[in-house]
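S.K.: Sequence:
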Amino acid sequence: MHSFFSLFKGLFKNEIRDFQAIAWCMIFPVFLFFVLTSIFSNIAGVESSGLPVLELGVVKEEKLSGFGTIIDQILDDISGDNGPYKQQTYENKVEGIEALKNKQIDILFVIPEGTNIKMARALMTRDISEDKITSEIYHAAGKQISILASNIMSQIMQQVNLEISKRSSDSYIDFELNEEIISSSSSEESFDYVTYLFPGVIIMLILAVSLFNGPLSMIETKESGITKKLYTTSITPITYLGAQILKLFSLIFISLVIFYTFVLLFYDLGSVIFNVGFLFSIFYSSIVLLGFGLMIASFTKKGSTAMVFSQIANQKLMFLGGLYFPVFDIPWSLRWLVYALPTTYLVELLRTSIGYGVSSINTAFLFLIPGIWLTASIVLFTANFKKVMGYE
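Quick note on the working numbering: the sequence shown kicks off at 1 and runs consecutively.
Treat the hints as calculated values from the structure; they're not laboratory data. Relax, there's no trap hidden among the hints.
As a list, the in silico DMTMM-like pairs of lysine to aspartate or glutamate whose alpha-carbon atoms are at most 25 Å apart:
#1 K228 / D18
#2 K118 / E136
#3 K118 / E61
#4 K302 / E15
#5 K93 / E62
#6 K118 / E91
#7 K63 / E98
#8 K302 / E223
#9 K60 / E98
#10 K63 / E91
#11 K60 / E136
#12 K13 / E220
#13 K93 / E113
#14 K63 / E113
#15 K222 / E15
#16 K387 / E220
#17 K118 / D76
#18 K316 / D329
#19 K103 / D72
#20 K93 / D77
#21 K103 / D77
Pairwise CB distance ranges (calculated):
#22 K13 / N362: 41 to 47 Å
#23 A120 / L368: 38 to 44 Å
#24 G225 / L337: 36 to 42 Å
#25 K302 / T363: 39 to 45 Å
#26 G225 / F34: 37 to 43 Å
#27 E98 / M307: 50 to 56 Å
#28 V379 / F249: 17 to 23 Å
#29 L337 / L368: 14 to 20 Å
#30 G242 / S333: 40 to 46 Å
#31 S224 / F299: 16 to 22 Å
#32 G242 / N275: 28 to 34 Å
Quick reminder that beta carbons are idealized off the backbone N, C-alpha and C, glycines included.
Construct all of the structure, not just a fragment, from the sequences and the given hints.
M.R.: Here is the structure:
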């Protein structure tokens, strides 16, 4: 155990003595966060409280009566002072879609003709085999506040189901939504970019350690012959690997402390960034991305090759992973890659844990897909363990 901590101490000191090695994980995240928030936060269109105002457009293709008034009740409960929406009614769907395109509203909710009778039939006869009560919701393409409003509306429909269930004793009605995306002539967003960016910069920070400090350090140590000399002592490859991993976790921890300190001093993100779910998501992301770095080390023999692979991977994982801007509405020619990358799910996991998730991806997949990447990384690294550790 003494040799393990002595080795860790030596590796850690050697790492922090290299300014270039620590600049990207400790200094650059602070600089990047300051620059991006200075440029974009003032165009977010968010109230000083930091909470976005959701403009809801409603089209009722028939006057709600009888059991249909349940929908009116729910809409009133989540509008104005009672909820996050500011409600505005339109005569027809065409008028509402035009308002959405012109950014007068964030989403359009359409209650179709026949809703009253369908709800009455289901409640009176307790027959849910009929056509489901299907409404339509439209949100603006590429506008995160609109996507957020759409996600909240989906949850509201679950409240409608519960309210109906209470009134019908034991019947439970499925209330479906047909969701459509409307393109807007402008890309301006009404969103708290500071909160949106915070998880993205954390993932970038972890990436810097995982892709550069990790594989490059191990390969350079092997190329210089240091690892072979270490193995002539009581240090084993497992001990060496453990010291390397502990070193990387230590770098991530120190970088996070520096970044958190900066954010707490100059920004007001509240206590949500300290909740258990968010901190656990950071830990999980660290494990997955450190595994990704070890995978790169497992199939590269030279430090120069590892640098190229790390640079390419870093750019793809950052920009197509949605760390700094939304990527879920880009063309499918690239979107398939968005859904294949682990950072897409990790940054969304962090944002979801602080109430800022912008995708419809199930929470289980936010853990599962990165978990698959972690498993693949461990398998590849294990298969090439002797080569990476330099004791073939």
